[in-house]
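Number of protein chains: 2
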Amino acid sequence: MYKEKGLLIVLSGPSGVGKGTVRKEIFSQNDAKFEYSISMTTRKPREGEVDGVDYFFKSREEFEQLIEQGKLLEYAEFVGNYYGTPVDYVRDTIENGRDVFLEIEVQGARQVREKFPEALFIFLAPPSLSELRNRIVTRGTETEDVISKRLQTAKEEIEMMDLYDYVVENDEVKLACERIKSIVVAEHCKRERISKRYQIMLEAE
Amino acid sequence: MYKEKGLLIVLSGPSGVGKGTVRKEIFSQNDAKFEYSISMTTRKPREGEVDGVDYFFKSREEFEQLIEQGKLLEYAEFVGNYYGTPVDYVRDTIENGRDVFLEIEVQGARQVREKFPEALFIFLAPPSLSELRNRIVTRGTETEDVISKRLQTAKEEIEMMDLYDYVVENDEVKLACERIKSIVVAEHCKRERISKRYQIMLEAE
Chain C
8 MYKEKGLLIV
18 LSGPSGVGKG
28 TVRKEIFSQN
38 DAKFEYSISM
48 TTRKPREGEV
58 DGVDYFFKSR
68 EEFEQLIEQG
78 KLLEYAEFVG
88 NYYGTPVDYV
98 RDTIENGRDV
108 FLEIEVQGAR
118 QVREKFPEAL
128 FIFLAPPSLS
138 ELRNRIVTRG
148 TETEDVISKR
158 LQTAKEEIEM
168 MDLYDYVVEN
178 DEVKLACERI
188 KSIVVAEHCK
198 RERISKRYQI
208 MLEAE
Chain Z
8 MYKEKGLLIV
18 LSGPSGVGKG
28 TVRKEIFSQN
38 DAKFEYSISM
48 TTRKPREGEV
58 DGVDYFFKSR
68 EEFEQLIEQG
78 KLLEYAEFVG
88 NYYGTPVDYV
98 RDTIENGRDV
108 FLEIEVQGAR
118 QVREKFPEAL
128 FIFLAPPSLS
138 ELRNRIVTRG
148 TETEDVISKR
158 LQTAKEEIEM
168 MDLYDYVVEN
178 DEVKLACERI
188 KSIVVAEHCK
198 RERISKRYQI
208 MLEAE
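Protein chains in written order, with this note's numbering: chain C, 8 to 212; chain Z, 8 to 212.
The shape of chain C in the complex, shown without the other chains (with noise of 0.2 Å):
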């Protein structure tokens, strides 16, 4: 019988935007329908970490034979330490049927575009975006060098975005949630994904 397949959610953003909370906020949530893969790392648990929970810790010699043995489907070095992920599990879950979620560095997300171009990108927009909305409303008082500082942040930015599928605006942690979560409801509703799925089901007939 015909199994379609499960979608491929990456979740991205500059970093110190918030994905780690947002995406523990959506899985504490519980009514998720979709897996989130679990990063490998070379760094050292933090008090209270699991394994195979927060992360699972790998040594680097352990990390580096799976880069050449190709066992990972992104993966980056920040201050000394790997982070990845690991290819077997999101495939294997995508092939079941599953919605598999990452979050991961736009690095990250840009290994997985080559890899996966049918996957459904997210961009977390930072506060700095939502406040430059602000700004245009209510002009501070900030010298003309903080701003264009500000600005030239702002441009990086949304030149980042191009990337992706989505944007959605971290302003508040459970609305992003909630936004993030609609776009997964919307992706399944797709035309061209439901039309496939009955011409498949006619045909089988």
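Hints are computed from structural coordinates only; laboratory data are not their basis.
From a predicted model like this one, the values you see are computed outputs, not experimental measurements.
Some hints could be false.
Quick list of simulated restraints, FRET-style, between CB atoms [claimed, not checked]:
hint, chain 1, residue 1, chain 2, residue 2, range
1, Z, Gly55, C, Arg98, 48 to 58 Å
2, C, Glu102, Z, Lys197, 46 to 56 Å
3, Z, Asp99, C, Glu102, 26 to 36 Å
4, C, Gly55, Z, Leu182, 36 to 46 Å
5, C, Lys197, Z, Ser155, 38 to 48 Å
6, C, Glu199, Z, Arg117, 56 to 66 Å
Think of the CB as a built atom: it goes at the ideal place given N, C-alpha and C, for glycine as much as any other residue.
Got chain C; can you put chain Z on it based on the hints?
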């Protein structure tokens, strides 16, 4: 200042699918962030129906004059009565940045597609299509004749979908409403839309 246009949301589907029920449920929930565009008709008000609430009730002469004046976004004739959508209300509301919701017949949706290709077209899929899915799992005892007729209808309905951006299965009214609201939320998060908004804000600086 830059004012973003609202969305034109078009809900349609085969007659008898429950478009009216779904629309009423959406607007009874009071959390819908879009405005309902009241249709115009030449049929007589039924008991309890109020002019300007359920429909704008017009005479045949008035309606035909509006057609001639190009005042209708779409219209169709059913069992001797005209039904249509006044175009001014739709344009004004969108221009003011608010979303407008139309619930119309498939012929009407086709007319809107020509005039507003950028509108959001949602097809409400009838139970006959959901049943198609069930049939594959639990084969019934219908005669060949009933089955082949049903499959023919399903084929026609699937072809109808081609015009639409999204398909919402009307398996349960409340679920269908949630999906429609999610689609509207997602549409507002589309990168093109938000990226354009930020670009314009940057230029305004």
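Do the hints match the structure? See the list:
1. Z/Gly55 / C/Arg98: 48 to 58 Å: For Z/Gly55 and C/Arg98 the Cβ distance comes to about 57 Å; the hint holds.
2. C/Glu102 / Z/Lys197: 46 to 56 Å: Violated, since C/Glu102 and Z/Lys197 (Cβ atoms, about 28 Å apart) do not stay within the stated range.
3. Z/Asp99 / C/Glu102: 26 to 36 Å: violated, 49 Å
4. C/Gly55 / Z/Leu182: 36 to 46 Å: Since the Cβ atoms of C/Gly55 and Z/Leu182 sit about 38 Å apart, the hinted range of 36 to 46 Å holds.
5. C/Lys197 / Z/Ser155: 38 to 48 Å: violated, 29 Å
6. C/Glu199 / Z/Arg117: 56 to 66 Å: Because 19 Å falls outside the window, the suggested range is violated.
When each numbered hint is compared with the structure, violations occur for hints 2, 3, 5, 6.
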